[in-house]
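So you can see what is in the structure, the chains are spelled out below.
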Amino acid sequence: GAVVSQHPSWVICKSGTSVKIECRSLDFQATTMFWYRQFPKQSLMLMATSNEGSKATYEQGVEKDKFLINHASLTLSTLTVTSAHPEDSSFYICSALRGSYNEQFFGPGTRLTVL
Amino acid sequence: DAKTTQPNSMESNEEEPVHLPCNHSTISGTDYIHWYRQLPSQGPEYVIHGLTSNVNNRMASLAIAEDRKSSTLILHRATLRDAAVYYCILRDPRNQGAQKLVFGQGTRLTINP
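If you're matching them up, the sequences are chains B and Z in order. Take the first sequence: its letters are residues 1 to 115, numbered as in my numbering. Take the second sequence: its letters are residues 1 to 113, numbered as in my numbering.
The set of hints was computed from the structure by calculation and includes no laboratory data. The reader is advised that the hints may include incorrect statements.
Calculated lysine-lysine pairs in the PhoX-like style (CA-CA distance at most 20 Å, straight line) [what the hints assert, rightly or not]:
#, chain 1, residue 1, chain 2, residue 2
1, Z, K3, B, K55
2, Z, K100, Z, K3
3, Z, K69, B, K64
4, B, K55, B, K14
5, B, K20, B, K64
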């Protein structure tokens with residue numbers, strides 16, 4: 001199957017700082033990627049759809065100025081959590097669409113802890 | 001995407017078959033039934049998908065009811081590594097606006113040694 005990587009796999013930061021998470025499709029090009037957030041014992045919640053070369057589409061209730069998404073190439077999308085606060089601590093997961101059937105492949109996730 | 005209903009949790013024993021049910025009574029004619037699973041502290045992984053006919057792959061089998069209002073994911077011989085949360089998701093691949101996956105609560109499967 002296709003491979004999607006995320007970096008870093010975990011990060012701890014101080015409140016008020018910004019954190020950037022990378023999502024890469026390693027063996028295919030992805031014009032569309034998705035960012036999800038998952039709190040403990042809960043399901044995945046879609047945050048935004050990232051489209052290469054255009055602005056991301058955010059789900060209702062997700063602050064676009066706080067969660068900056070950049071999809072500058074066909075293999076890389078980044079999510080920047082700006083001015084992070086403890087309530088932003090979560091498991092962030094990306095996925096990428098591949099092929100004419102638009103199969104979706106997920107990254108391993110990034111665990112963010114804001115102190 | 002149409003809604004799916006799954007039991008919150010199920011438990012089984014190692015090396016026994018597991019049948020994970022999913023109800024999707026409002027499924028449309030063009031919705032595919034997808035199953036993903038999420039192992040602890042990992043991203044979801046694809047398991048299987050189907051439209052009308054039963055499907056088999058190396059991971060599992062998918063049995064789809066004749067009226068398509070329900071389906072069952074079958075793990076033929078569960079191992080401890082199959083302990084995960086299993087998600088049943090409906091998706092119409094032709095709908096460009098519906099490429100995102102909407103995750104419900106899924107079924108948390110526990111495998112006893």
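Comparing the hints with the structure gives:
| no. | hint | in the structure |
| --- | --- | --- |
| 1 | Z:K3 with B:K55 | violated (28 Å) |
| 2 | Z:K100 with Z:K3 | holds (14 Å) |
| 3 | Z:K69 with B:K64 | violated (37 Å) |
| 4 | B:K55 with B:K14 | violated (28 Å) |
| 5 | B:K20 with B:K64 | holds (14 Å) |
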